[in-house]
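Asker: Start from the sequences and build out the full structure, keeping to the hints where you can.
When we follow my numbering, the leftmost residue of the sequence shown carries the number 147, and every step to the right adds one.
Think of the hints as simulated: they come from the structure by calculation, not from any bench. Check each hint, because a few of them may be wrong.
Claimed, not checked - Simulated DEER-style distance windows between Cβ atoms: (1) Asp-271 <-> Ala-298: 36 to 46 Å; (2) Gly-258 <-> Ser-216: 19 to 29 Å; (3) Trp-269 <-> Gly-163: 12 to 22 Å; (4) Asp-218 <-> Val-284: 55 to 65 Å.
Computed from a predicted model, the values in this text were never measured in an experiment. Every residue gets a Cβ at the ideal spot worked out from N, C-alpha and C, and that includes glycine.
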Amino acid sequence: MGQIARIIAIVAGLAGGTVVSQAPEFAQQYRQRIGGAIDELRVIVEDFNAQAAQHHLDRQQALSAYAQSSDDFLRDRGVSMQSTITRYETLQSQQLKLATAAPVAKPFVLLGNADDVVFANTWRDFVPGVPVSFAGLVWGAIGFVGGSVVAALLGFGVRRIIRRRGAYRQVPRA
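Answerer: Here is the structure:
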């Protein structure tokens, strides 16, 4: 493999590693968004349940009352409320699966049954966990150079100490 091919392979490997290493961070940001969605849906569902209870109905009876109404608006409102409840329960299930998955497996769990709306919004607002912005790359380069200088200075100091000790050992003792 030629020198250019090696460089290309290294750059491709670094790029691939950088991109794929974002999967756990994306899963974490998805979990945060799903938590927010659940919190908001909980308010709606609990309010619906409380209103049903005020009229001595459970959730299913209240939904049936909507479904049996002669008013199209109320029937549609019942369908909408059922969709909201189903989404709430689905998101709770996803949240539990993500919470119990091993950290390395969370991206796979996410891809297995992600909510389209939450996924799209997470993708839209995703902030990488590794600094891949221009500013992040500049600071990363500064850190790389700084770390290299520190390592070189430490290496120089260690080599110097070793040489001195070696020089002392070479002096013949009388």
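Asker: Could you run down the list of hints and mark each one as holding or not?
Answerer: Hint check:
no., hint, result
1, Asp-271 <-> Ala-298: 36 to 46 Å, "holds (41 Å)"
2, Gly-258 <-> Ser-216: 19 to 29 Å, "violated (42 Å)"
3, Trp-269 <-> Gly-163: 12 to 22 Å, "holds (20 Å)"
4, Asp-218 <-> Val-284: 55 to 65 Å, "holds (60 Å)"
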